[in-house]
Amino acid sequence: MSTVESGTAAAATASEKGQRIEHEGILDVRDLKAYFKLRDGDVKAVDGVSFLLEHGKSLGLAGESGCGKTTAALAILKLLPENGRIVSGEVLFDGKNLAKRTEYGMSKIRWKDISIIFQGAMNALNPVQPVGKQIAEPIILHEGLSENKAMVRARELFDLVGINPKRVTEFPHEMSGGMRQRAMIAMALACNPKLIIGDEPTTALDVMVQAQILELIERLRHELNLSFILISHDLSVMAETCDTGVIMYAGKVVEAGTTTQIFNSAAHPYTKQLIRAFPNIHERREMVSSIAGDPPNLLNPPPGCRFFPRCSEGEPACTETEQEMVELDPGHFARCWKVA
Amino acid sequence: MDDYTPAAPVVEKEKVRSGSIGRKDLARASASDGILYDIRGLEVFFPVRETFFKAMVSTEKRWVRAVDSVSLTIFAGEILALVGESGCGKTTTGRTILGLEKQTGGQIIYKGLEVGRFTPGAIRDYRRHCQIIFQDPYNAINPKHTIFDIVSEPLVVNHLVSNERDKEERVIRALEEAGLRPARDYLYRYPHELSGGQRQRVCIAGAIVLEPDMIVADEPVASLDVSIRNDILKLMVAHKKELGVTYLFITHDLSLAWVISDRIAVMYLGKIVEIGETEEVVSNPKHPYTKALISVIPVPDPTAKRERTILSGETPNPAAIPSGCRFHPRCPERIDICSEQSPVDVQIRGTHYAACLRLNGQSSS
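Chains as they are written, first to last, in the working numbering: chain A, 1 to 340; chain B, 1 to 365.
Careful: at least some of the hints might be erroneous.
[What the hints assert, rightly or not] No farther apart than 25 Å at their CA atoms in a straight line, the calculated lysine-lysine pairs in the DSS-like style are these: (1) Lys234(B) to Lys272(A); (2) Lys305(B) to Lys57(A); (3) Lys108(A) to Lys166(A); (4) Lys54(B) to Lys272(A); (5) Lys100(A) to Lys166(A).
No lab work stands behind these hints: they were computed from the structure.
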């Protein structure tokens, strides 16, 4: 695990006692940059991402694959792989800057305060351990409960997510895809976190199971007063479940606002084209459009607007300067000089 | 099912030849009345593997009824979407049509000839006429072969090319039809040099290089990004229009089926519960399962407030099928007789059929 700063456990405790940072909402990400080191240079997977999540709200982080949405989530939890690191920026959570925390300091926060539902529940569970035991593990670790008491809690969690509590002793292969995803959610809830990050929680599932899982997340969010970050490539899912949305392209946020602002008055050409790529079965039937070209190589991103090579509304001026976020309405931002 | 009402004009019994069918018969056959496939009461059962003890004690063999008397007509040059949840038998249906799975009952009639009676030589020729595109383009192609090898292999094994120049020309044409332009740039590349969308195009090129009548596309876009997904869908529509290829588009996503298909067949637990013209099925769904499937499709519009019918549970085990209507344990509209009687297809309008007991009283035509 690479971090901005590495320190000892003692240093972490000192910083924990340190000054509380004032910030809005539950999670305030400011100008976060996370790069991956390759032989040829740095891949700027997340390059200056900022967003704010209010208490008890849900935020959607969307974009094509490779836009940096999963890297952003991993960077928040400091779970980046060996060659990844946070270069700069702040992740303010509950008065603490997570970007500056040590590995030990993070281990106190992961699962206790922030938990994550990983992409592909099929592979995220340990195949040689009963599911209940895997759920009990963080409870034993963080809350110091005995194994028996933790198993009782695991049963309660199973009930909460709609699986028969008797099934805690089963192994992942004895469960269907939807049920494993429910078990993953139960695991994420194990230590009563304040914030849950769902990384494509429904991607590998059928439409009906997807609807069940999204309904479950929605219900739990209200019952337990959770804040939620949904990472998805599916804008329709984001439109249905999130209060606010952040659209990412090539490591940068291109548009942010409430979901109504994003979908009903999309400003950035990328957002507009991406929305048109999803069919709306309740409207007139038409061929879905696609965005020509591929996202840029993040080793050497193009100068100026990163979307310019694929943009239908682009002008030569777009390549000259770095685009800034423009506020269109209160809370609605887009990174395009043409919309200002 | 004896009481099946065909959803389209069926080839009369006498047109179907008896006895074995050889290569010459296949070469002469043509899609009469525009019907490419006429599938009647198709059954594909898989035996349940029991423990030794159970197998000794139990008197009857248990079967997984993956496809249970499915009757379906596929017209030449259409895109027919087969929609359903995982485990409903849609993939098995597609594979059985291609002969990749053995049918345990029913008939598959291709251009008036019954596939079950084909001689080995005819089967080889038949496979040339119907191809498949798999879901995962990462595992479907050999990583050690160049694109040229991958796309030309079907031509070589079928002895369809006489010389190298001819081979190269046909491979280039197939790659260009699959949207890899300029094709020469791709010929000697390896799969790892291509993106997921490009790999799927290579799979498509490998299928169309044989100039097939039909392609079974088994979730061809499930593992692709949105933008690439739409490109592949457009390509399928273009092939249908320009090359006259028939597509059996297998998907769990009804909204994608709605975008490109001409007709939709909704499958549940081994049976087709509703079939009809795409617009008709989506705007006027009659089976509660179809209604529920349509209601849960997410749409890119946060202001759209609509009733969602979320069915509880998942598709039941096809080894233990519920009595009566197989959908009744999950059906939001079930009535008492649903657990006793099996529904039959009821004509709604034109070629739109649905199998629900509640429709029986309403339509007597």
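Here is what the structure says about each hint:
no. : hint                   : result
1   : Lys234(B) to Lys272(A) : holds (19 Å)
2   : Lys305(B) to Lys57(A)  : holds (19 Å)
3   : Lys108(A) to Lys166(A) : violated (30 Å)
4   : Lys54(B) to Lys272(A)  : violated (60 Å)
5   : Lys100(A) to Lys166(A) : violated (42 Å)
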